[in-house]
Amino acid sequence: MNQRALRLTGSTRVLPGFGLSMGISVLFISLVLLLPITGLFGQLADLSLAQYWAIITEGRVVASYMVTIGAAAVAALINAVFGLLLAWVLVRYEFPGKRLLDALMDLPFALPTAVAGITLATLYAGNGWMGKLLEPLGFQVAYTWVGIALAMAFTSIPFVVRTVQPVLEDLPAEVDEAAMSLGATDAVAFRRVIMPHLWPALVTGTGLAFVRSLGEFGAIIFIAGNMPYETEITALMIFVKLQEYDYAGASAIASVVLFVSLALLLAINIWQGRFVRRLHGGKG
Amino acid sequence: MRRIGDAPAVKRLLIGAALVLSALFLLLPLVAIFAQAFSQGVAVFWANVSNYFTLHAIGLTLGVALLTIPICLVFGVALAWLVTRFSFPGRRILQTLIDIPFAVSPVVAGLIYLLLYGRNGWIGSWLDGHDIQLMFAWPGILMVTVFVTCPFVARELIPLMQAQGSREEEAAATLGARGWTTFWRITLPNIRWALLYGVILTNARAVGEFGAVSVVSGAIRGQTNTLPLHLEQLYQDYNAVGAFACAALLALIALLTLAAKASLEWRASRREALL
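The listed protein sequences correspond, in order, to chains A and B.
Mapped onto the UniProt record's numbering, the consecutive letters of the first sequence carry residue numbers 1 to 284.
Mapped onto the UniProt record's numbering, the consecutive letters of the second sequence carry residue numbers 1 to 275.
A hint or two may mislead.
For lysine to aspartate or glutamate, the following EDC-like pairs were computed, each having C-alpha atoms within a straight-line distance of at most 16 angstroms [as the list claims (entries may be wrong)]:
#1 B:Lys-11 with A:Asp-186
#2 B:Lys-261 with A:Glu-94
#3 A:Lys-98 with B:Glu-170
#4 B:Lys-11 with A:Glu-94
If you are wondering where the hints come from, they were derived from the structure by calculation, not from laboratory data.
All of these numbers come straight from a predicted model, not from anything done at the bench.
Chain A with its partners taken away, still in its complex shape (with noise of 0.2 angstroms):
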C-alpha cells in the first residue's frame, strides 16, 4: 500500500463525522440544489417538442442570444487584456497605491449588481460624467450594445485578475533572468518564456468571466435600454415571459440558458483539472 493510500484509509478510520458531515452535505445539495431544477423538467412536461423548438427560436429570442453571446465575448476579450495587464502590474512592480489598486480589483464582486447597474447607467448616460465627455465624441454607451459589454466587464473583471495572479506570483525568478541573459527583448520574451506558463490560467478567467456575463441580470438591465431585437439580453427575456404568466415560456428558455452555462462549468472544470494534472505531472 503507498503513502496516500495509507493516509487515507487511516484518516476514513480515524477521525469521526464522516456520517454527520455526509449526511449534511448530501441533504442540502438535494435539497438546496438538485431538487428545484427538477420543478423546471416539470414544466417542461407539459410542452411538446415542437413547442418547445418554437419558444427558444422565436425571432426575438435569439436576438437575444446574439446580443448576450456577444456582449459577453467582448467583454472576455477585454478582461483577458485588462485582467492580465493588471494581474502583471499587481505581482511584478511595487509603486504607491499598489495594496489599494489591489483591494479595488475584489470591488466589482463585493458590489451589489443593482448597485453597479444604476451607476454605470448614470455615468454613462448622455448627462453622467463620462457620458458627457463620449457622446460629443460620437460614441453612445447607454442605452447601447456597447452599455451591455461594459457591465459585463465591470462585473466579470475579478475572474481574470485572481485566476491569472497567483500563477504569476509562483512563476519562479530564474525563468525570466534565464530569457533575459540569453539576450531576448522584453516583448520576445513575455511571449516566448511567460505565455506558455500563463495560459491556462488565462483562459480558465476569462472562460469563467464568459458564464458570469451571460447569466449577469442586475448590473446590465439599467444600462442595456432594453429593446426588444437590439438590446435586450436572454436573463432579461425570461423575466419578461414571467412577467406575462407565461411560466412554460419562461422554463424553456431557461433550460436553455442553464444547460450552456452547466456545460461551459463543467467544461472550465475538465479543462481546469488537465493543466493542474500536467503541472504536478511534470514535477512527478
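Please build the complex by placing chain B on the supplied structure of chain A, with the hints as guidance.
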C-alpha cells in the same frame, strides 16, 4: 539580474495604464455612488434613508442575511470536513455540484424556485392547500439567497483544510479526544480566519442579491422589498437621490467587505513571515 519588463519606461507605461484604466473603470463608479447620494446635501440623503419604506427594506435585507449566514456556515463546514478529511467515491462530483450556483444565472435560480414552490408547482400547490405561502414572501427570498450564497464558505475552507491536512485532528483522536472536542479545540482555531472571510463574502452577496430575489419577491413596498429591489423602484420612479442613498448603504457594506479581506490577508502574510 534584470527581469522582464523591468526597463523604467516599460514599467512606468504599464503601471500608468493599469492605474488610469482602474481609476476610470472601477474607482469612478464608486465615487459616483457617493457623489450622487449626497448631491442634494446630507439632509436629503438622510431623509431618503430614514424613510419608512427604506428602513423596512434595510430590516428585511439584514434579517434575510442573518438567517442565511448560519445555514451556509453549517453546510460549508460540513462539506469542507467531508471532502478534505475523507476519501470516498463521488467526492469530486460533490465538489463540482457546489459550483452550480456560480454558473447559474440568478434569474434562472429564482425561476426554478418559483416553479417548484409557487402556487402551480408540485410542492407549492400542496403547501397552498395548507395555507403556507413561500413565494412572494420572505421565506422565498431566504431560500433563493441560500441557493446563491451557499458555495462561499465551502470554497474558502476547502483549499485551506486540504493544505493543512488532518494530522492534528488524527493526533487528537488517537489521544482519545471526542469528535466535537477535536472540532472545537483543533479544527475551528485553525480555520477561523477563512471561516470569517467566508461569512463576510456570504453576507456581501446575501445583502446585494438582485436577480434571483426579484423573481420570487413580488417587491411589495413595506413588505417584501429588499434594499436592492427598493433601490430599483426608486430609480425607475426617477428618484435618483433616493436610489443612490440606498446604493451608498450597500456600497458601504461592499467597502467593509474589501477592508476585511485586506486585513485578513495582511494578517495571514504576517503570520507566514513569522513562521
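Hints and how they fare:
This hinted pair checks out: B:Lys-11 and A:Asp-186 have alpha carbons roughly 11 angstroms apart, not beyond 16 angstroms. A C-alpha spacing of about 20 angstroms is found between B:Lys-261 and A:Glu-94, which places the hinted pair above 16 angstroms, so the restraint is violated. For the suggested pair A:Lys-98 and B:Glu-170, the alpha carbons sit about 41 angstroms apart, so the restraint of at most 16 angstroms is broken. This hinted pair checks out: B:Lys-11 and A:Glu-94 have alpha carbons roughly 10 angstroms apart, not beyond 16 angstroms.
Of the numbered hints stated above, those contradicted by the structure are hints 2, 3, listed in ascending order.
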